[in-house]
Structure formats: C-alpha cells, structure tokens
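Sequences listed follow chains U and F, in order.
For the record, in the first sequence the residue sitting at position 106 is 106 according to the numbering used here, with numbers rising by one throughout.
For the record, in the second sequence the residue sitting at position 356 is 356 according to the numbering used here, with numbers rising by one throughout.
Quick caveat, the hints were computed from the structure, so don't treat them as lab data.
Possibly wrong hints are sitting among the right ones.
Said to hold, decoys possible - Straight-line alpha carbon distances no greater than 35 Å define the calculated DSBU-like cross-link-like pairs of lysine-lysine that follow:
| no. | chain 1 | residue 1 | chain 2 | residue 2 |
| --- | --- | --- | --- | --- |
| 1 | U | Lys6 | U | Lys116 |
| 2 | U | Lys74 | F | Lys298 |
| 3 | U | Lys194 | F | Lys298 |
| 4 | F | Lys298 | U | Lys138 |
| 5 | F | Lys207 | U | Lys229 |
| 6 | U | Lys136 | F | Lys207 |
| 7 | U | Lys97 | F | Lys130 |
| 8 | F | Lys392 | U | Lys74 |
| 9 | U | Lys116 | F | Lys207 |
| 10 | U | Lys136 | F | Lys392 |
| 11 | F | Lys130 | U | Lys19 |
| 12 | U | Lys59 | F | Lys392 |
| 13 | U | Lys138 | F | Lys392 |
| 14 | U | Lys192 | F | Lys207 |
| 15 | F | Lys207 | U | Lys183 |
| 16 | F | Lys66 | U | Lys91 |
What the hints assert, rightly or not - Chain F side only, calculated, beta carbon under 7 Å to chain U, not exhaustive:
| no. | residue |
| --- | --- |
| 17 | Pro56 |
| 18 | Pro134 |
| 19 | Pro161 |
| 20 | Pro165 |
| 21 | Leu279 |
| 22 | Leu288 |
| 23 | Gln294 |
| 24 | Tyr297 |
Claimed, not checked - Derived DEER-like restraints, expressed as beta-carbon distance ranges:
| no. | chain 1 | residue 1 | chain 2 | residue 2 | range |
| --- | --- | --- | --- | --- | --- |
| 25 | F | Val226 | U | Lys74 | 37 to 45 Å |
| 26 | F | Val226 | U | Gly148 | 29 to 37 Å |
| 27 | F | Val208 | U | Gln77 | 53 to 61 Å |
| 28 | U | Glu63 | F | Ser383 | 53 to 61 Å |
| 29 | F | Gly361 | U | Gln141 | 53 to 61 Å |
No residue lacks a Cβ here, since even glycine has one placed at the ideal position from N, Cα and C.
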Amino acid sequence: MMIEAKNINFYYGNFHALKGINIAIPANTVTALIGPSGCGKSTFLRLFNRMNDTIENAKLTGECLVNGQNIYDKTVQVDALRKNVGMVFQKPNPFPKSIYENVAYGLKVNGVSDKKYIAERVEQSLVAAALWDEVKDKLHQSAFALSGGQQQRLCIARALAISPSVLLMDEPASALDPISTSKIEELIHGLKEKYTIVIVTHNMQQAARVSDKTGFFMYGELIEYSDTKKMFLNPENIQTQNYITGRFG
Amino acid sequence: MKILERLLEGMFKMSSAITSIVILLIIIFLFKEGFGLFRSPVVEKGYGLYINSKNPVTDLNPTQIKQIFDGEIENWNEIGGKDESIYLLRFDEIFSIYSDEELGENYQFLPQKLNNIISENSNIIAFFPKKFMPEISSPTKEIANKNIGIPDFIYGKEWLPTTTPSPLFGIIPLVLGTLLVSFLAILIALPFGLGVAIYLSEIANNKVRGMIRPAIELLAGIPSVVYGFFGLVIIVPIVQKMGNISAGETAFTGSLILAIMALPTIISISEDALRNTPLALRESSYALGATQWQTIYKVVIPFASSGISAAIILGIGRAIGETMAVLMVTGNGAVIPHSIFESVRTIPATIAAELGEAPMGGTHYQALFLLGCVLFLFTLVLSIISEIISNKQTSKSA
C-alpha cells in the first residue's frame with residue numbers, strides 16, 4: 001500500500017474533524033475523496049504532506065503511513081516528506097516568477113544547483129503536465145500571463161518537478177472552465193502510471209471519470225470506500241446513495 | 001424619509017465639491033504667489049545700479065552683482081568690461097565724501113553730486129535709491145534691471161535671500177539638502193522597517209503582534225516637534241561626540257530622526273503588503289519542501305514587492321515634507337552639502353524658518369512660495385508613482 005491511514009482522529013481545538021479514519025490506497029491509482037462541504041476530506045488530504053502542522057490548537061492521533069513509514073514519526077523531516085508527496089491546490093497559484101522559475105522552484109529550494117539538470121526537469125515536468133507545447137517559447141515570461149487552466153497545469157508541473165511518488169490534489173479543477181477541467185482530467189489519467197494520486201473533488205462526475213477508487217466522507221467519518229464503479233453503481237451505504245444521487249449535499 | 005435621504009445626499013455632494021475647490025484654490029494660490037518671483041527685478045525694488053556710460057558692461061546677473069558687492073570680483077574685465085579695478089560706491093558712503101551742507105537740505109543736490117562722481121570715475125558702480133536718480137543721462141547709465149529668471153532659481157547654487165542689492169534664490173542647495181536627508185533617512189529606515197514588517201507578518205504570533213502593532217501606530221502619532229526635541233537633546237550630542245565634529249546638527253542627525261518618523265509608514269504599509277500574500281501561495285511553497293525562510297524571501301517578498309516599493313516611496317514623501325524635527329536638528333546651513341556630517345537645510349525647514357521675516361509680497365516671500373510649489377511637485381510625483389505601483393499590485397492579486 002502506498003498510503004495508509006490507521007485510526008486517524010483529528011481535532012481543531014474542541015472540534016472533532018476526523019473520526020477514526022482507516023483507509024489503504026494502493027500505488028499507481030487515482031483515489032477520489034468526495035463528500036459535502038466541511039466533511040473533513042480536505043483536512044484528511046492535507047495530513048499526508050503535513051500541511052496541517054502549522055494550525056494552532058490542532059491535534060492528531062493515529063498513524064499516517066506513506067510507503068510504509070509513519071510520516072508523523074519524529075525522525076521524519078517535513079521537507080523531505082514534501083519532496084515525496086506533492087500537492088496541487090484548489091486555485092491556480094503560480095509564484096510571482098517566470099514560468100521556468102516556477103517549475104524550477106522546488107528543485108532550487110531543495111538544494112539542486114545543477115543548471116543542466118534543472119533545465120531537463122523543467123522540460124520533462126512541463127511535458128508531463130501537457131503544457132510544454134504551449135509555453136516552450138515563453139518560458140521566461142511571467143507565469144501570471146497564462147490562462148487559469150494553464151496556470152493550474154503549471155502548478156501540476158511545479159509539483160512534478162521534484163519527482164514525488166504521491167500527488168495530492170485539492171479540488172484542482174474547481175476554479176476552472178469546462179475545457180480546462182477536461183484537460184486536467186486527461187492529465188490525471190495519464191499521470192497515474194507514475195504517481196499515486198489522491199484527489200478531493202466536489203464534482204461527482206469528475207470523481208466517476210478520473211478515479212479508480214472513491215472514498216465518501218461525511219461529518220468527519222469515512223462512510224464508504226470502494227472501487228469507483230461499484231460506489232457509483234451500487235453503493236453499500238444509504239447515505240452514500242443519497243449523496244451520489246443528489247438527494248443530499 | 002425620501003426627503004431626508006435626498007438632503008443627506010446633497011450635503012455629501014456639497015462637502016466633496018467644497019473640499020475639492022478648497023484644495024484647488026490652495027494650489028492656485030501657491031503657484032500664483034510663487035511665480036510672482038519671476039516678475040520681480042533682480043535688484044531690490046526702488047534701487048538701481050549705476051555705472052559710467054563709457055563702461056561697455058550693460059547687464060549683470062544676480063550672482064555677478066553679489067560677487068561684486070562681496071569683493072569677489074574686483075576688476076571689470078572679469079565680467080566683460082575694460083581692464084580696470086571696480087570702484088564700488090554704496091549709498092551710505094556718499095555721506096563720507098560730501099558733507100550734509102554740500103548735499104543740501106532734503107538732499108536736493110545729491111543727484112548732481114552723484115553724476116559728478118560717476119563721470120569722474122569710469123570704473124564706478126553705484127548702488128542708490130532710484131529717487132536720487134530722477135533722470136539718467138550721460139555720463140551715467142543704469143545697469144539693465146531684468147526680472148529674476150527661472151534659471152537663476154533652478155540652477156542657482158546659492159540661497160541668500162536677504163543680501164543686498166540683489167538677493168540670490170538658488171534652489172540647488174535646498175533641493176540637495178532635502179534629497180540627501182530624505183534618502184539617507186529611507187536608507188536607514190528601510191532595513192529596520194522591512195525587518196519589523198517581516199517579523200510581524202511572518203514570524204510573530206498574534207499576541208506579540210497585537211502588542212507591537214499599536215506601539216508602532218503610537219509612534220506615528222507623536223508630534224514632530226517632540227521628535228525634534230528628542231533629536232536636539234539626545235541625538236545631536238551623540239552624533240557630535242561619535243563623529244568628533246564641532247556641531248552635531250548635521251544631515252545625518254536629521255536623517256536619523258526622519259528615519260524614526262518614517263518607520264511607522266514603512267512598517268505598516270509593507271506589513272500589509274506581506275500579509276496580503278495569499279495563504280495558498282505560501283502553502284504551495286511549503287508543499288514543495290521549502291523552509292519558512294525560503295518561502296519568505298523567494299515567494300512572499302517578491303509577491304509583496306510592489307507594496308514594499310509603495311511603502312518606501314510614501315516614506316520618502318513623509319520625510320521630504322517633514323518640517324519641524326528637521327528644522328531643529330540639521331543646523332540649517334543653506335549650502336551645498338559635501339558630506340553627511342555637514343549642516344544642511346531642507347525646503348520645508350527654509351519655508352518655516354524664513355517666512356516670518358520675509359515681508360509679505362516681497363521677492364523673498366514669493367521665493368518661499370515657489371519653494372512650496374517645488375515641494376508640492378516633489379510629493380505629487382511621489383504619490384503618483386506610489387499610486388501606479390499599488391495599482392500594479394491590485395491587478396496582480398486579482
């Protein structure tokens with residue numbers, strides 16, 4: 001298993017945000033996390049690159065394993081973990097730098113100084129993010145000049161450049177138009193050969209289209225986790241069925 | 001209810017119109033008074049400079065007149081005349097040449113005696129009230145009394161507004177003094193201000209921030225005369241001792257005070273700019289394995305750079321316009337500064353110090369108003385630049 005959660009409980013102060021979550025996600029799959037707003041799916045996603053560390057008064061119990069290692073173990077270095085577990089955020093948020101510098105950023109902050117290697121990785125990552133052809137002639141222009149969809153693919157390329165094995169995506173297409181969205185979905189489909197992808201989404205069709213497995217969260221609990229096909233065609237739980245068919249949420 | 005609303009709306013419209021008109025009127029008044037300077041003659045009103053009509057010199061600029069009267073120019077050939085030494089005759093000297101009887105009651109013989117002296121001395125230059133020279137004819141001629149020119153003001157290297165017969169209104173020493181003090185102040189304030197801003201926005205927790213932020217805002221509320229007093233009593237002696245100089249009132253001292261005064265502006269505006277960096281941008285940086293410091297200097301500062309530039313420019317604007325504190329600690333020597341440990345005089349300090357003694361409507365008074373115009377243009381340009389920069393910032397975060 002690439003990613004495992006064992007009896008995860010998470011609290012924001014007194015608020016019990018995640019309740020006893022257990023999940024096992026195999027390598028090279030796309031897993032969608034769905035559920036109504038505030039159900040804890042994003043909080044859960046952010047546990048796996050320790051993005052919740054800086055939140056004051058937050059408390060975690062249980063084990064988060066990536067590649068068999070508990071990432072909250074004291075011996076784990078957070079920056080090394082984040083090199084292995086990339087993340088793409090909801091809104092396209094390129095850095096105020098050139099396209100090239102955006103992709104090179106992760107390598108540079110991790111101490112890579114070999115310019116030739118950086119240039120190679122930038123190209124490979126942009127190719128992998130299906131953006132290379134659109135930007136190869138303007139690599140040194142500001143990333144703000146790109147369209148929203150292009151910016152999001154740039155953010156994916158940026159995450160790929162440091163060669164992670166896991167890619168966490170927090171509603172990566174929710175701020176994009178339908179055409180850009182379908183490009184991102186195609187991209188996700190292609191990326192699973194090399195990466196293990198966990199994607200949080202509000203869009204049920206999107207979950208059905210891109211994922212192999214789906215987890216349904218509600219009120220901080222993982223209600224159901226199974227193959228996407230089974231989940232959408234024949235959900236075991238009545239709550240899941242209500243949510244999927246649109247009767248709730 | 002409807003009527004009340006209409007009434008209120010009308011009142012707001014009125015007050016904004018009145019405000020705009022008042023501001024416009026002030027600016028018009030400023031420029032009208034100031035530009036009167038260029039309609040004033042070089043030589044004091046009611047006075048004239050007279051020379052022998054054989055003398056080929058026809059006009060002199062203010063600097064030359066001042067140098068003649070200071071004895072720096074002693075020969076006519078230095079200013080385009082013949083090779084003979086200059087004989088300078090001031091009005092009061094006539095009384096040591098002729099007795100009161102010779103000049104007659106009510107000085108009715110004075111014009112004639114003057115003409116005599118001028119015809120006897122081809123190398124003379126005489127400075128007299130015009131009323132004693134009712135008609136100018138050979139052998140006397142008057143130096144053409146032109147108006148003060150714009151170049152005399154803009155390129156003038158000396159500010160001597162009360163010298164006779166022709167005061168000098170050269171703005172260069174004042175502009176250089178102002179710029180030197182202001183830019184030095186920003187140079188000193190910037191590292192501190194930026195440091196505090198970064199600390200407050202990125203590192204300090206809410207409790208610490210909640211204590212420091214009001215303290216800094218308090219700093220902005222202290223009257224500038226108090227800063228000046230503090231500077232005079234504390235900083236001036238320190239600078240004097242440390243720099244081992246005869247007087248501690250220097251450009252450097254002024255910059256230190258101005259730096260303290262510009263700090264609140266720089267800190268609060270750049271802190272706002274830093275805090276405006278979206279959380280998502282910081283998180284993206286952390287998510288790529290960057291440390292907090294890498295995130296601050298590679299992502300947050302570049303993102304906030306235009307806000308920080310605006311802070312710098314507004315800080316400069318604050319420093320350029322500051323009057324009282326600078327007046328108290330810079331020594332006010334209106335000379336072109338050669339080092340930061342020399343006394344300088346800024347434009348606002350000049351206006352504040354001299355307006356009281358300048359006769360209303362006179363050239364000196366007009367010159368001070370013109371200084372006000374220059375100051376206004378400085379701050380106008382600075383605020384336009386900061387406006388452009390912050391517009392850039394908003395379009396970026398949108």
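Structure-based check of all given hints:
For the suggested pair lysine 6 (chain U) and lysine 116 (chain U), the alpha carbons sit about 42 Å apart, so the restraint of at most 35 Å is broken. Simply put, lysine 74 (chain U) and lysine 298 (chain F) have alpha-carbon atoms about 28 Å apart, close enough for the 35 Å limit, and the pair holds. A C-alpha spacing of about 29 Å is found between lysine 194 (chain U) and lysine 298 (chain F), which places the hinted pair at or below 35 Å, so the restraint holds. Using a Cα cut-off of 35 Å, the hinted pair lysine 298 (chain F) and lysine 138 (chain U) holds, with the two alpha carbons roughly 21 Å apart.
In summary, the hint linking lysine 207 (chain F) to lysine 229 (chain U) is not supported, as the alpha carbons are separated by about 51 Å, beyond the 35 Å threshold. Distance check on the hinted pair: lysine 136 (chain U) and lysine 207 (chain F) sit about 48 Å apart at the alpha-carbon level, beyond 35 Å; violated. Among the hinted pairs, lysine 97 (chain U) with lysine 130 (chain F) is inconsistent with the structure: their alpha-carbon atoms are about 71 Å apart, more than 35 Å. A distance of roughly 44 Å separates the Cα atoms of lysine 392 (chain F) and lysine 74 (chain U); the hinted pair therefore is violated under the 35 Å criterion.
Between lysine 116 (chain U) and lysine 207 (chain F) the alpha-carbon distance is near 47 Å, which puts this suggested pair outside the 35 Å criterion. Distance hint between lysine 136 (chain U) and lysine 392 (chain F) is fulfilled; the C-alpha atoms sit about 26 Å from each other, no more than 35 Å. Annotation: proposed proximity of lysine 130 (chain F) to lysine 19 (chain U) is violated, straight-line Cα distance about 102 Å (limit 35 Å). In summary, the hint linking lysine 59 (chain U) to lysine 392 (chain F) is not supported, as the alpha carbons are separated by about 41 Å, beyond the 35 Å threshold.
For the given pair, lysine 138 (chain U) sits about 22 Å from lysine 392 (chain F) by alpha-carbon distance, which is consistent with the 35 Å threshold. Restraint check for lysine 192 (chain U) and lysine 207 (chain F): the C-alpha separation of about 45 Å exceeds 35 Å, so the hint is violated. Straight-line distance between C-alpha atoms of lysine 207 (chain F) and lysine 183 (chain U) comes to about 46 Å, which puts the hinted pair past the 35 Å bound. At most 35 Å may separate the alpha-carbon atoms for a hinted pair to count; lysine 66 (chain F) and lysine 91 (chain U) exceed this at roughly 70 Å.
Because the beta carbon of proline 56 (chain F) sits about 67 Å from the nearest beta carbon in chain U, more than 7 Å, this interface hint is broken. Because the closest C-beta pair between proline 134 (chain F) and chain U is about 76 Å apart, greater than 7 Å, the hint is violated. Contact between proline 161 (chain F) and chain U, as hinted, is not supported at the beta carbon level, the nearest pair being about 50 Å apart and thus beyond 7 Å. The interface hint given for proline 165 (chain F) is broken, as the beta carbon of that residue sits about 61 Å from the closest beta carbon of chain U, more than 7 Å.
With its C-beta approaching chain U no nearer than about 9 Å, leucine 279 (chain F) sits outside the 7 Å limit, and its interface hint is violated. Hint status for leucine 288 (chain F): holds, given a least beta-carbon distance of 4 Å to chain U, under 7 Å. Interface hint status for glutamine 294 (chain F): upheld, as the beta-carbon distance to the closest one in chain U is roughly 5 Å, under 7 Å. Against a cut-off of 7 Å between C-beta atoms, the interface hint on tyrosine 297 (chain F) is violated, since the closest Cβ of chain U lies about 11 Å away.
For the pair valine 226 (chain F) and lysine 74 (chain U), the beta carbons lie near 53 Å from each other, so the given range of 37 to 45 Å is not met. Between valine 226 (chain F) and glycine 148 (chain U) the beta carbon distance is about 52 Å. The supplied range of 29 to 37 Å is therefore violated. Between valine 208 (chain F) and glutamine 77 (chain U) the beta carbons are some 28 Å apart, a value that contradicts the proposed interval 53 to 61 Å. Evaluation of the 53 to 61 Å hint for glutamate 63 (chain U) and serine 383 (chain F) yields a pass: the beta carbon distance comes to about 58 Å.
At roughly 59 Å, the beta-carbon separation of glycine 361 (chain F) and glutamine 141 (chain U) lies within the given 53 to 61 Å, and the hint holds.
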